[in-house]
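Order-wise, the sequence lines are chains A and B.
By the UniProt record's numbering, the letter at position 84 of the first sequence is numbered 84, and the numbering carries on one by one without gaps.
By the UniProt record's numbering, the letter at position 172 of the second sequence is numbered 172, and the numbering carries on one by one without gaps.
By construction, these hints were calculated from the structure, which means they are not laboratory data.
A portion of the hints provided could be inaccurate.
[Said to hold, decoys possible] 20 Å max Cα-Cα, derived DMTMM-like pairs, lysine to aspartate or glutamate:
no., chain 1, residue 1, chain 2, residue 2
1, A, K83, A, E159
2, B, K129, B, D95
3, B, K129, B, E179
4, B, K129, B, E97
5, B, K379, B, E291
6, A, K83, B, D387
7, A, K83, A, D191
8, B, K129, B, D199
9, B, K379, A, D75
10, A, K83, B, E383
11, A, K83, B, D95
12, B, K129, B, D142
[Said to hold, decoys possible] The following label-pair restraints were derived from C-beta to C-beta distances:
no., chain 1, residue 1, chain 2, residue 2, range
13, B, M287, A, S24, 34 to 44 Å
14, B, V26, A, A128, 36 to 46 Å
15, B, R6, A, G130, 26 to 36 Å
16, A, N114, B, L19, 20 to 30 Å
Backbone N, C-alpha and C fix where the C-beta goes; we use that ideal spot for every residue, glycine too.
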Amino acid sequence: MLITAENVTKRFTGGADTVQALESVDLAIEAGEFVTIVGPSGSGKSTLLNLLGLLDTPTTGTVTLNGTDVESYSDRERTSVRKEAIGFVFQSYGLIPTLTALENVAVPRMLEPNPSATEERAADLLAAVGLGDRLDHYPDELSGGQKQRVAIGRAMVNEPDLILADEPTGNLDRDTGERVLSTLLESTDDDVTVVAVTHDEYVAGFSDRVLNLVDGRLQPADADAMRPDSGGSHADVGGMAPAGDADSVDAEAGGEQQ
Amino acid sequence: MSLLRRYFPRTYLARRNLLRARTRTVLAILTVAIGVVAVGGLGVFGLAFEADQQATLGDLGNEVRVEAPQQFFSEDDAPELDDRRLEEIREITGDTEMTVIRESERDFGGGGGGEIDIPTYALGVTNPKSTYTVVEGEIPDDWNRGALIDQQTAQFEELSIGDPVTVGGRLQRVTAIIEQPQGFSSLERTNGAAVLPLDLVEPGDQPYRGVIIYADNAVEADEIANDLEAELNGPLRQDQDQFTIESTEEEAETVEQQFTSTNRFLLAVGSISLLIAGISITNVQLMSARERRTEIGVLRAVGYGRLDILAIMLIEALFMGLVAAIVGVGLTLGAGAVINDVLLGDPMAFQPDTLQYLGGAFAFGIAICILAGIVPAWKASRERPADALGS
Chain A
1 MLITAENVTK RFTGGADTVQ ALESVDLAIE AGEFVTIVGP SGSGKSTLLN
51 LLGLLDTPTT GTVTLNGTDV ESYSDRERTS VRKEAIGFVF QSYGLIPTLT
101 ALENVAVPRM LEPNPSATEE RAADLLAAVG LGDRLDHYPD ELSGGQKQRV
151 AIGRAMVNEP DLILADEPTG NLDRDTGERV LSTLLESTDD DVTVVAVTHD
201 EYVAGFSDRV LNLVDGRLQP ADADAMRPDS GGSHADVGGM APAGDADSVD
251 AEAGGEQQ
Chain B
1 MSLLRRYFPR TYLARRNLLR ARTRTVLAIL TVAIGVVAVG GLGVFGLAFE
51 ADQQATLGDL GNEVRVEAPQ QFFSEDDAPE LDDRRLEEIR EITGDTEMTV
101 IRESERDFGG GGGGEIDIPT YALGVTNPKS TYTVVEGEIP DDWNRGALID
151 QQTAQFEELS IGDPVTVGGR LQRVTAIIEQ PQGFSSLERT NGAAVLPLDL
201 VEPGDQPYRG VIIYADNAVE ADEIANDLEA ELNGPLRQDQ DQFTIESTEE
251 EAETVEQQFT STNRFLLAVG SISLLIAGIS ITNVQLMSAR ERRTEIGVLR
301 AVGYGRLDIL AIMLIEALFM GLVAAIVGVG LTLGAGAVIN DVLLGDPMAF
351 QPDTLQYLGG AFAFGIAICI LAGIVPAWKA SRERPADALG S
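Same shape as in the complex, but just chain A (with noise of 0.2 Å):
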C-alpha cells in the first residue's frame, strides 16, 4: 500500500467549540490508483487531503505512506517527504503570479542544484499537457484550464508517488475539466496514484474507485450522497483549497487562447 489511514479523527478547536471533522476513517490507496472521494462541502475532504498530504496530522489513529508512521517525521522531514514524494493541486491552481509558467512548474525544485535539469523537465512537463508554446507566460496571461495544467505540471515535477487533488475541476467548466482530468489519469499510467477530493459527481467516471465522505466519515459509494447539492452539517474546516486566488470558473469551450 502506497497510503493508508487506520481509525483517523481530527478535532478542530475553536475557542468553547470543537468541529469532528474527521471520525474514524480508514483507508488504503495501492500505487497507480485513481481514487476519488466525493463529498459534499464541509464533509471533511480537504482535511482529509491534509493528511494524506502530510500537512496536518490527525488527532487520533495513523497515517502511513509508503508503510511509515507520518507522526514519526520531524516538520522538516515531513516537508522534505512532500517535495520527495507527493505532488499537489488546488482548485484555485496556487500559482506563483511573479513566476512564469515554466518558472511555476519548477518551483518545487528551484531550490535544488542543478536548475537546467529542472527548466528542462518542466518545458516537458508543459509541453506534455499541451503547454508547449506557453512557457513564458505568467499565469494571468493563462486560462483556468491552462492554469490548473501547469498546476498539474507543477505537481509532477519531482516525479512523486501521490498527486493529491483538491476540487481540481471546480473553477472550470466540464470539457475544460475533463481535459484535466485525462491528464491526472495519465499520470497514472507511470504508477502514479491520485487522490481527488471533489463535489463534482463527473470526476468518478475517470477514477478506479469513488469514495463517499459524508459528516467526516467514509461510506459506500452511494448516487445520492455524491450529488453536490446533499447538504452538509459540519463547517469547512481546513481547506486546500486557495482562497488567495480569485480566479473564477473561465468560460472556455473550444481553445484555451488567453
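Use these hints to put chain B onto chain A, whose structure you have.
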C-alpha cells in the same frame, strides 16, 4: 535562465516578490533612504558646522597666555613681569613663536577742556602680525615706528592710513588699521589704545603686561603652560598675587565637547527617523506576508522549509535596505555638497570623518531593514501550511 535564478534562487524569488507591489516597495525604500539621509546628512552637517566654527575660532587650543597681576588692584608686593622673568619664559618656550605685550601709562586728559584724547595709551608689542588682523594698510617686516589703530578708534577719531596720532606725547603716523581682537583673554585687546613697536613704549605699572605664546599644538601648549606655572608662580608666596597662566586647551576641549554633543543629538534625531522607517518596513512586510499567505502555504506544501520562507522574506528586507542605503548615501552626498557650499564655501569640502558617517548611515539603514523584516519573516515561516492554504 538568469544568473540570479540559477545561483541565488531565493534572492530571485525575493526580487520578484518586491517587484510585484512596485509602488509599495519604492515608498518603503524611500522612507528608509530618507532615514539614511537624516543620519548621514546630519552627521555631515555637524562636521561642516564644526569645521566652520573652528575656522572662526582659530587655533584656540594652541595658545598660552601669561598675564602679570594688575598692580592697580594688587598688594604692594605683586610680582612683576620683568626682563628676568621674560627670559625665564623664553627659556621654556624656546623657538616657539610669541608676542610680548607692554602697556603704557594711561593718559586721559591730554587735550584739555575735559575731553579724552584717543588713543589714551599705547600697547607695545613684538610680533604684531601673529596677534592682530590687519584690515587696511600694512605692517612692515621691520616695524620700528608707526601706530596700529583698531577699527573702532579709526572710525571714532576719523583716522586713516598715514594720519598723525599722538601717543604718550609722541607723534606717530597710522601704519595699519586692525581688527579689535576677539577671544577669551583681554591681554591683546586694544580698547582705544594705539599699538606701537615694543621699544617705543614706556612701561606703565608693569614692565610687561603679558605674553602670548603660539605653540604648535594643544599638547605642547599644555606642557608650556604647566612649566610656566611652576617657573613663575611656583616660587611665589601663597598670599601673593599670581601670574595668570592660561592655556586655552580647556576652552578648546569644552567647545569640542559641545560639538560632539551637538553631533550626537543630530545623529539621535536622524536615528529616530530611521527607526520610523524601520517600522514602515515591518508594516510593508507584514502586509506582504498577509497578502501572500496562500502562496507561502503553497510553497510550504511543495517542499519549501521554514528556513527557506524566512530567508526569502529576509532577503526582501535586505534588498530594500541595500537599495535604500545606496540611494540614501547618494542623496546624503548631494545634501552634504549643498551644506559644505553654504557653510564652508566649497561643495567638495567634505571633512575627514564624512566617510565614517556615510558608512554608519549605510550600515544602519541595512541593519534597520533586516531587523524590521525579522518579525514578519518569522511569522510567515512559522505558519502551518494547512492553515495558510485554508485562508
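Right, here's what the structure says about each hint:
no.: 1; hint: A:K83 / A:E159; in the structure: 10 Å, holds
no.: 2; hint: B:K129 / B:D95; in the structure: 17 Å, holds
no.: 3; hint: B:K129 / B:E179; in the structure: 12 Å, holds
no.: 4; hint: B:K129 / B:E97; in the structure: 11 Å, holds
no.: 5; hint: B:K379 / B:E291; in the structure: 13 Å, holds
no.: 6; hint: A:K83 / B:D387; in the structure: 18 Å, holds
no.: 7; hint: A:K83 / A:D191; in the structure: 18 Å, holds
no.: 8; hint: B:K129 / B:D199; in the structure: 16 Å, holds
no.: 9; hint: B:K379 / A:D75; in the structure: 16 Å, holds
no.: 10; hint: A:K83 / B:E383; in the structure: 18 Å, holds
no.: 11; hint: A:K83 / B:D95; in the structure: 84 Å, violated
no.: 12; hint: B:K129 / B:D142; in the structure: 11 Å, holds
no.: 13; hint: B:M287 / A:S24: 34 to 44 Å; in the structure: 42 Å, holds
no.: 14; hint: B:V26 / A:A128: 36 to 46 Å; in the structure: 40 Å, holds
no.: 15; hint: B:R6 / A:G130: 26 to 36 Å; in the structure: 28 Å, holds
no.: 16; hint: A:N114 / B:L19: 20 to 30 Å; in the structure: 26 Å, holds
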